[in-house]
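With the hints as your guide, set chains B, C and D onto chain A.
Chains as they are written, first to last, in this note's numbering: chain A, 1 to 102; chain B, 103 to 443; chain C, 444 to 852; chain D, 853 to 1093.
Read the hints as simulated data drawn from the structure, not as lab findings. Predicted, not measured: the structure shown is a model, and the values here were computed from it. Check before you lean on any hint, since a few could be wrong.
As the list claims (entries may be wrong) - Just a few of them, taken from the derived set where beta-carbon distance is under 10 Å, the chain B residues facing chain D: (1) V231; (2) Y241; (3) L249; (4) S279.
Ideal placement from N, C-alpha and C gives every residue a C-beta, glycine not left out.
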Amino acid sequence: MSELSATHFLLLSAALFIIGMVGVLTRRNVLVIFMCIELMLNAVNVSLIGFAWELHQLTGQVFALFVIAIAAAEAVVGLGIVMALTRRADTVDIDELRQLRE
Amino acid sequence: MDWQRLLVSYLVGFVLLNVLLGLMAYMTWFERRVLARLQHRVGPNRTGPFGLLQPIADGIKLLAKEDIVPANADRLVFLVAPLLSFALAPLGAAVIPFGETLHLFGVDVPLLVADINVAVLYVLALGSVGVYGIILGGYASGNRYSLLGALRSTAQVISYELVLGLSLVGVLILSGSLSLQDILREQQRTLVIGPLTLPNWYILSQPLAFALFLIAAVAETNRAPFDLPEAETELVAGYFTEYSGFRFSFYFLAEYINMIVVSLLAATLFLGGIDGPIADGVWWLALKALFFLFFYVWLRATLPRFRYDQLMGLAWKVLLPLALLNIALTGLVRLWGIGAL
Amino acid sequence: MIDFSQPTPVILSEVRLITPTRRELVLNMGPQHPSTHGVLRVRLTLEGETVIACDPVIGYLHRGVEKLGESHRYAQFVPWTDRTDYVAAPSNNLGYVLAVEKLCGIQAPERAQYWRMIMAELTRIASHLVWLGTHALDIGALSVSLYTFRDRELILDIFEKFCGARLTTNMMEIGGFSREIPPDLPEMVREFCRYFPKAIRQYEDLLTENPIWLARTKGVGVIEPEVAINYGLTGACLRGSGVNYDVRKAMPYLLYDRVEFEVPLGTHGDVYDRYLVRMEEMRQSIRIIEQCLEQVPTDGPLMAYESPYVIPPHKNVMTTAEDMQRHFIWVIKGFSPPKGEVYHAVEHSKGELGYYIVSDGSPIPYRLRIRSPDFVNLQSLPYMAQGAMLADIVALIGTIDIVLGSVDR
Amino acid sequence: MALSVLVFWLLALVSILGALGVVVARNPIHSAIGLVLSFLNVAAIYLVARAEFLAVVQVIVYAGAVIVLVVFVTMLVHPDDLPEFHGRRPLRVATGLILGIALLAEVTAAILARGLRGAPGPWTEETVAAVGGNTSALGQVLYSEFMLPIQLTAVLLLAATIGAIVLARPEAVSERLAVARRLLTISLAHPRGLDQPEPPLALPAGRDERVKPAGGGRPIVLARSADEFTERPAWGEWRPR
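Same shape as in the complex, but just chain A (with noise of 0.2 Å):
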């Protein structure tokens, strides 16, 4: 461990994923859990960019690249959404959003 290697990479990609992981399970706020989903897509965007940089690869970053797009997209489709539900039931609350379905 006394090199940068990949593994830095990972457990610190591992350690945000799992956080981002942790939030989506335990918040209620829809724009909260929306953070938190972005927090993992970066999480493997570090694993990435860490193997790109051990392996002497860029095919590594290509894919970071890629995820960062799709996040993008998904981050406006995804407030989109909250946004026309919040107009439709007027909250961010998931358990609430839920109870609307029934």
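Frame of chain A; chains B, C and D shown alone:
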């Protein structure tokens, strides 16, 4: 690690930062004087000769004012947001080349703080992070005018950042580099068209991009006629309604630093920066930047303010398609130039 | 189409529809706000930046001017009229003085009437200049206000020369003018008339064809002619909608039937039309002033001294016992007009300014009522504001041209 | 320990703290601030890994666009009561935490025991520098090997844009506006639309000297006496009653 180089660029950065802060203070004086002349007034002329000490007096006054935090403000965010705005503003100047490398005491001193190979993107990234100072300040004030100002500002900065970025793509296609140093080097060549010998400034080959950049830059710095986030006749003062004392001055100064940085950037990207007809040097850059700064003041004295929907319409319906058109045309010309068509 | 003969039914579910939901923002604009022209408070319900409802709240500058009028002698009330619409004081004076003169059956001498017209038209220009400056400033055109205030100074200089005061002039007196016109005043006014068209061109250069100005004013705040009439709008707010009503033409007072001028009418009824109409009104005012200067006799009486309701001439007060006694009574007790009620309207820069006076034969009016034009015009704000953007609100407040001293009285 | 490892751990620590802030903060705006902090530090870590282009893209796209949008929506959704309830669901929090810690332990063990190593590729620091830096190298790879995926991404972005526009299209405020106009205006007002084209003008025929072009493509009408334009306004017909 080359410690000597690091030290030199630290020193250059230090000097640049101080020069920038001084310039910014005098930018307020310059604006008030020019605006006054345009409006048949005299402007500040009581503090020192020609009112030259006015910025200092203003600074002292602002520092001496009470730093008020509203009762229903989000205290921590409220306190930090102006610092964020102020701290990010001068960073853009770090990538602007101010001249050729100097040789001082046997040390090479590049007149550039950092030659990053993604300099253009770096400036854009700074702009996009800079909006946090505004949006957080507006949110944290707990005031509806501030909130509306912050909302407007967010939408505006995102939209115009897009135009700003796309307007630069043409320049990037022509220069083939994201580094400002390379872009400058490209522009220092001369362009010979028949009997004419012109500098290879990108304003000549990219006039549309230049116009788009100029408009987007005015919007990006929240200046008239795009000063909606702080439109005093609608939103009192927009996102910094609740700020006072030095936190207010931080927002104020950040705006002026942004203006100077954007002017320097426009001069470097489109007008050849330090390149001039005779005796290349930082004075040419200063002269060109000064023209842009005057342009800012001129706009403010002349034009009414856009409405929010008109502003967004302009960005998305007019400027963005034009920027895309410019990219397509430039790309075609470039392909034709290298014989790929 | 709404049936005008029936009152609009209020349906409770509809009321719920317009009460603000959580998504909506209720924004208090004013009473301390840079562009509500004083202490107007506007309660806005916003959805995003779109105005759902707009509720003007007035009364922050209410001083009970009408009630004060009912405890002051007739001549004492003239300075109070200065303080209603304080940017157009001579016009207020004129409206009140004409009403009292109508009550007493006095007619001011011809020369005084011409000078009253000149002063009233200068006032119109001065008031429109304040309107233009602040209106443009609200929309964001910074420089126009400084240009207009620069030129308004010239008018204020004329006022100062004429009566010694600049803002609250207390210029008109019941019966005419008791002091002689300063000899160099006509030349001063003429000089202004020569200069001012150039100034108007300067404002128009900055605004009339400016694309941002057009975008901000065209199609904004449309009032249809029938709506304008329903609201009882007057002045440029009404004429901008294309309805021809100008008190100077419809019920000529002073000597307005002897001068030639035209009443500009708008064609679309929006903010831009009201702007065009007011700009043209300033030009027409210059025309009127020029004609008055030509027609006004160079000497002759300025005061209807033959009437017993008028203050006796200064020289006679000092020399004859009878006039001294009359003067004493006039000042201490005041004059007592005949019993009756009277309404007189003048075309104020903002619309029809009317003074309604009920006299019970005592030196103090039994009832005094001011029909201030901007109070009536302000009612159209909610109508214009719905569906507009937040930024339009300041344009709409500006286009009505209110002065809160006159709205609240 | 190498300097780069020290820098890495510092940045990683801050970014993990930021991420924790996202999950723990009660106020969604504070969550967003934590997220930005985390993202900016991750961008700095990309710089350590010599991915300059990605670092800047990370800042522009994530910090500059996505999170700004989230903050924007947060402020738009509840302007008044932003500080929100925290999930008072102890069972769920406990489950989430236990699951998370278990997974973290597993993954950490797997990472540390990792034996699989990939074959090194051609893009060493020297080769990257030879083609003109990270951006150029990335561009060369992106537009040769990944031509189809990048086109597909473009299509995806376009689809997302259209989807978002459809989703966020303003709901018709017209009904509420019509009601508001009827109830809140004093006079019996008429419906009217700001977006409609300007109504056709019926200017006084044969009285051309009365019509004066005033600017902005608009004429104004000059009335000479009080009797003109009394049957109908200068701008056309009265509306039928």
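Hints, one by one, checked against the model:
Satisfaction of the interface hint for B:V231 is found here, the shortest Cβ-Cβ separation to chain D being roughly 6 Å, below the 10 Å cut-off. A hinted interface residue such as B:Y241 counts as satisfied when its beta carbon comes closer than 10 Å to some beta carbon of chain D; here the least separation is about 6 Å, so the hint holds. For B:L249, the interface hint holds, since its Cβ comes within 10 Å of a Cβ in chain D; the closest pair sits about 6 Å apart. For the restraint placing B:S279 at the interface with chain D, the shortest Cβ-Cβ distance is roughly 8 Å, inside the 10 Å limit, so the hint holds.
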